[in-house]
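Enquirer: One-letter residues, chain by chain:
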Amino acid sequence: MSSRTSFYTALTYAAGLLFLAVFIGPILWFLALAIRPAETAFAMPPQLTFEPTFDAFRHILLDPGTNAPQLVNSLIVAIGAVLLNLPFSVPAAYALSRFKLRGKKNIMLWYLGLLMAPPIAFLIPYFVLINRIGLQGSYFSMVLVLQTLTIPFSVWLMKSFIDEVPAELEEAARVDGARWYTIMWRITLPIVRPGIIVTSMFAFVFAWNNAAFPLVLSSRATATLPIGTLGYFATSGVTWNYIAAAAVLAMIPPMIIFLVFDRYVVRGLTFGSVKG
Amino acid sequence: MASMTFDGIGKTFPDGTVAVANVSFTVADGEFVVLVGPSGCGKSTLLRMAAGLETPNDGRLLMDDQDVTNTEPQDRDIAMVFQNYALYPHMSVYENMAFGLQQRKMPKDKIDRLVRDAAEMLDLTKYLSRKPGALSGGQRQRVAMGRAIVRHPMAFLMDEPLSNLDAKLRVQMRAELKLLNQRLGVTTLYVTHDQVEAMTMGDRVAVLKPVGNAGESNLQQIDTPQRLYDRPANIFVAGFIGSPAMNFVRAELRAEGASLRAAIAGTGISLPVPASAALSAYAGRQVIAGIRPEMFLVCPEAEALFNEPIPVAEALGADTYVFFDIASPPVDVNGAEEDEFKRKGTNRLVARIPPAATPKPSERLPLTVDLEKLHWFDPQTGAAIRD
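Protein sequences appear in the order of chains A and B. Quick note on the working numbering: the first sequence kicks off at 1 and runs consecutively. Quick note on the working numbering: the second sequence kicks off at 1001 and runs consecutively.
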């Protein structure tokens, strides 16, 4: 290798490391914040070495009235959002991919528009609406309102998967005597199973990360983890190590999911973009 | 089993493209009819209309005298083999073959018997539990066939089922398919662009041509392979069927006393024409003569009608194809308007001769023609001139 190419290789690695630092840095800092003694959090100059302690985790998980039930609430809401999402978004995506519908393009654009709108803009109307129908403070209210985010996204993602299934397969099934619902159920959906997994994962993470809707819709008993984290911004001060511990806790389920279904995610993200 | 009748079928796509127009023919019960033609001739569209995957704009489609023009494919009792096989990738070979039977609410034990019988017939028994992804091209092709025959449908529709196979396997499968059809006796409509496949497989062959407007018809001729070869209805069929293709030359028919001679345009060659009432009517007019490569006969120089240098000779072993040029304007089989450029130029002809007669490169080869077997065509309409 000439010195010139090795110089460029070194430069590439340096740029890569810089990028990595920008993205991973804050996460590592938060992780450190969660396990360092509270009094060293804002030490000047920053203290890079410290005696690790799991006091913050112990506090948020084990002390009464803290985050453990909220972790369960978050799981209920996120899993509920996925379960309610799939039966609607998958058939919708199938119809938009396969049927001759008038205004198909407009429907897809409308979904995109829903994704672009800032959720904050709808918080008050949703709050009023949910109160009127008597669902305030329930898990279901959050699951329901989250669908306004997860369904449009899932329809777009699922449609791109279904579009990739060759039309001949469905034609073969039609000639074989199958009706459209049998074709959808027994031919197309099994083929796009990776797509359904990816869509579920994204819907889960969407719901898991959402703080705005639970903020106005949950009660003390149904509050999710992001809401619980907000509780540490108290008038008496901000307990950064508890916030950091809760945030680290909140990162774990999405990370597990992405690690387990890694191969589907890469395929999901590049789907449609790499058509032959 | 059933007969299938296309009655004035036409299909224009929403963008205005006329894919099929005025096609009428009947496939008899148990008959194997091949639709053949160049790309864009509407053969696949016709097949898809027979399947119910496209709806015709004009005409009717009858199966056993029942109008099925607007019947859904699910309700037609036909089976189709697709070019890319369209096997369900997530199902095993067994499930692929059973799927159509399950849709017909057949009892499980009967499905099992039918699938195993079909698998036996196609030598697929040991692959029944495999997924299509783990099969070779030839095996997938057989599964696609199996999925069709297991249903015992009224008719088979096949859309270029052999075109994804390599040359050797294609020849082998061609024979197997033909045998299978004879054994099952199911009415079959088969699409191909390969005229050899058409000639070898079809009881009858329908030659199709792309149409420019809804007033024409795609269907040029439907007949047995031998009759298509011997008595093509027009210059398109004559040029499409046969390999190498028929040679066409422009000529003027001149009456000489009681007999006719055809003077080949641009050359001094004059062919004596056998007496024929139809041809007599063309005396003094332009015609197109069609000469199949095997109609050329090697002869002594004194009897030669053509005596040109041979720039290229292709030795195939049993035969040799020799190519030579004559100073005569080429003929466009598709009947396109000729321009000044085409009126000039040379016409390259091909002759099939015994290998022993192969000349050395660029040597002249004296050839005559079996005059009785010449084909004659009207240059305006392209129709064959025949008694």
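Possibly wrong hints are sitting among the right ones.
Claimed, not checked - Label pairs and their calculated CB-CB ranges:
| no. | chain 1 | residue 1 | chain 2 | residue 2 | range |
| --- | --- | --- | --- | --- | --- |
| 1 | A | 20 | B | 1210 | 53 to 63 Å |
| 2 | B | 1381 | A | 185 | 50 to 60 Å |
| 3 | A | 163 | B | 1012 | 22 to 32 Å |
| 4 | A | 100 | B | 1214 | 22 to 32 Å |
| 5 | B | 1040 | A | 12 | 34 to 44 Å |
| 6 | A | 12 | B | 1012 | 49 to 59 Å |
| 7 | A | 163 | B | 1285 | 56 to 66 Å |
| 8 | A | 42 | B | 1089 | 18 to 28 Å |
| 9 | B | 1040 | A | 5 | 29 to 39 Å |
| 10 | A | 102 | B | 1069 | 23 to 33 Å |
| 11 | A | 112 | B | 1179 | 16 to 26 Å |
| 12 | B | 1323 | A | 104 | 20 to 30 Å |
| 13 | A | 99 | B | 1012 | 15 to 25 Å |
| 14 | A | 102 | B | 1163 | 33 to 43 Å |
Since the hints were derived computationally from the structure, they do not count as laboratory data. Bear in mind that the values here come from a model prediction, so they are computed numbers and not experimental data. The beta-carbon is built from N, C-alpha and C at its ideal position, and this holds for glycine as well.
Enquirer: Hint by hint, note whether the structure agrees.
Expert: To see whether the hints hold, each was checked on the structure:
no.: 1; hint: A/20 / B/1210: 53 to 63 Å; verdict: 59 Å, holds
no.: 2; hint: B/1381 / A/185: 50 to 60 Å; verdict: 55 Å, holds
no.: 3; hint: A/163 / B/1012: 22 to 32 Å; verdict: 26 Å, holds
no.: 4; hint: A/100 / B/1214: 22 to 32 Å; verdict: 24 Å, holds
no.: 5; hint: B/1040 / A/12: 34 to 44 Å; verdict: 51 Å, violated
no.: 6; hint: A/12 / B/1012: 49 to 59 Å; verdict: 57 Å, holds
no.: 7; hint: A/163 / B/1285: 56 to 66 Å; verdict: 58 Å, holds
no.: 8; hint: A/42 / B/1089: 18 to 28 Å; verdict: 58 Å, violated
no.: 9; hint: B/1040 / A/5: 29 to 39 Å; verdict: 52 Å, violated
no.: 10; hint: A/102 / B/1069: 23 to 33 Å; verdict: 25 Å, holds
no.: 11; hint: A/112 / B/1179: 16 to 26 Å; verdict: 56 Å, violated
no.: 12; hint: B/1323 / A/104: 20 to 30 Å; verdict: 55 Å, violated
no.: 13; hint: A/99 / B/1012: 15 to 25 Å; verdict: 22 Å, holds
no.: 14; hint: A/102 / B/1163: 33 to 43 Å; verdict: 37 Å, holds
Violated hints, listed in ascending order, are 5, 8, 9, 11 and 12; each of the other numbered hints is respected by the structure.
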